[in-house]
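Trainee: Please model the entire structure based on the sequences and the hints provided.
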Amino acid sequence: MPRRSGGLSQLRDDLSRVSGALRLPWKRSKHDDDPYWEAFINRPAADVRNLIPEIIGKAAEGNIFPTPSELHSPDVMASHLKELARYLDATSVTGIVDLSKQDPELAHGFPYAAVTAVHADNDPYVAPGVGGQTAKQDGQFVPFIVACWIRELGYRGSVKIEVSREQREHLAVAAGIATRDRDGRLTVPKLGTRVHIGEILFTDLPLQADG
Amino acid sequence: MAQTIDRLDPTATKNGKSGPDGAATANVDLVVARRQRQAKKADSTAVYEATQSQTDLGSPLVAPDGTLRMVPDMGRSVQIVGTVVNVDVNDGPHPKNIRGELGKAMNHWYTKTIAKDALMRATDNSHTSDKRNFLTTFTNAASKGAVNPQRTEVPDPKVMSKHIKAVALHLGASLVGIAAANPAFMYAAGSRYVQDGEANDVYQKMTPDELAKRFPYVIQATVAWDHDTLQAHRHHIGDLSYHCSTMRNAMVLKSLEGYIKELGYTAIRGAVNPQGAGLAAGLGELGRNGMMITERFGARVHMQDPILTDLPLFADKPIDIGVEDFCKICRKCASNCPTNSITFGDKIVYNGIKKYKINWLSCYKIRPFVADHYGSCLTCVAVCPFTKPDAWWRRVGGKLLSGAPIPARPPIIRALKWIDDKFWGEFPSKRVRFMGYDSGLKVGEHACTIEGCTAEHSEPQQIITGNVGHYAPIKKNTEAFVKRS
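Same order as they appear, the protein sequences are chains P and L.
Counting from 1, position 200 in the first sequence corresponds to residue 200 in our numbering; the numbering is continuous, with no gaps.
Counting from 1, position 57 in the second sequence corresponds to residue 57 in our numbering; the numbering is continuous, with no gaps.
Hints were generated in silico from the structure; no laboratory data involved.
Among these hints, one or two may not hold up.
[What the hints assert, rightly or not] Covered stretches of chain P (in silico footprint by chain L; criterion: 3 or more residues with CB under 8 Å from a CB of chain L, positions within the stretch not fixed):
#, region
1, 49-55
2, 100-110
3, 129-142
4, 145-157
Quick reminder that beta carbons are idealized off the backbone N, C-alpha and C, glycines included.
Mentor: Here it is as structure tokens:
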């Protein structure tokens, strides 16, 4: 069931929908006069090896540093993780899920997951062009580097576990970074409804969960 | 490659410095003036119709023997005044160091040390514990994708240029420009740079002339560094500003390279000197610190490996934002440089190019001695008066300078420099905190300074007040390391 929000959250959702639906008649898209833009967004790649999501998606994960670093308390580590994610992509929003409260099949043996939402001009699930995949690229960039940092800290951190779109969105809601509007669409307060949930980062780094 | 430019008086270029008397300088000025006239005359062909001008005999860019003249217009800050010998990419600081030509200590530091800090290991390719924990290992590798056999027709290169720039910005670039390819800013024949060493293609052995004719355009795109963390120059926090932007930049350029192939055109990397291409593409001007200084971000950009392509485009022109005039007066980077690697003097002619020449060796050689504190110095970037947040007041100052006629600029520059020194400090050392790092800690100290952290640390927690940052090495200590020239 889509989660209903109330009060200010409701108003925020409604404004987000209205701003997305309404377009002033004299305001044109900045790419309206670009004859190549449609193909950039929607034409499938002739060779997928030309796409960054393919390159990062096939990248191997490195080893875990053998000597674990000295950590701060879990709440501070969680804030550092989010600070790094925001630093890597200023428009991203990251939340942390306690996987012990989730389905064990979804947890894959990890205690925590970091969920990152990025701004998406186009939905990468329906726009296969190089431009259409930009949000997917951004949604890989942030978790990949954060996972590298966690492994270099001496803890497990993986972005290679297959997670479906539904599961990603479920985790985003569980992490408290997104809500469902009345139509069941995912809404991230800072980003509106034009969002993509990036790769889910599974980790055993001691963190304080959100949500 | 073929000599196509007048050689200067040898006394002017001996040891890379101008001769002691005024004759050599006058000679250089004469050649500069002539080259400027030529560049202006060649503008319409060299800059705007690169494809034709590079193949037609009689074009200002084509010598009678059919080779390209090396007279790219790179703006006021850099001029080609003599023979340019194309640089072999393997003669750069890092390749020399890898081969052990800079000494055992340097080689050991670069090739065998692992950073003590976890975030540095994840963001610095030469000091990571596992290359697979560094994203650019994958995004900067040789392209494996094929060129689309269904080529997109380009009836109007201007429209395609506008599109490519919009694409680069959409993919995450902060600045993008297009230059007409010229052999002067190509690497020497057969020396291509790709991180994984797999740039083996049919273009590998082409000479700079052949490459410039086969691929008439260069696309340079860059991602600006974060301003606030950069204020902790000579600190791991500042390193992050540089490393994170370069990781994103590598991804943006690789994505753009892939898109050009999807359009049905060839795109190759590792063949072009990034700064030369950036200057010709109008991204900025070359400063006294040897860095590209841009209109919006100052020196906080890194020119990465640009894309050389046969996609029909429309080249940009070099810009004049007043860097040439500012650097003559300012010298703030030279005052702050911890290794005295930046000259206080005038430009010199080096390899046929008149520019400010930094001492790259002294800049580079300090690194093993400070590796526990930082990886990349970045002081000259951070203190540059052009390096400011991309805010309205920054743009107003920039417009005031670039809009003024050249003779009227010196008083404006002195006023802007005075404001910069007053507000940002003559020797900036601001305290910066990021992800538990705190430059308020004295050099060599390690402690948690986060209020509310309840973890048990090996060093006692410190509460620091004030806004002063501490950065190694202290300037007075490095006077002994490298004497000011």
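Trainee: Are there three or more residues in the region 145-157 of chain P whose C-beta lies within less than 8 Å of some C-beta in chain L?
Mentor: holds (count 7)
Trainee: Test coverage of the region 49-55 of chain P by chain L using CB-CB distances below 8 Å; three residues minimum.
Mentor: With 5 residues close enough to chain L, the hint holds.
Trainee: Tell me whether the statement that chain L covers the region 100-110 of chain P is true, taking a Cβ distance below 8 Å and needing three residues at minimum.
Mentor: violated (count 0)
Trainee: Test coverage of the region 129-142 of chain P by chain L using CB-CB distances below 8 Å; three residues minimum.
Mentor: It holds, with 6 qualifying residues against the three required.
When the structure is compared with the earlier hints, a violation turns up for hint 2 alone.
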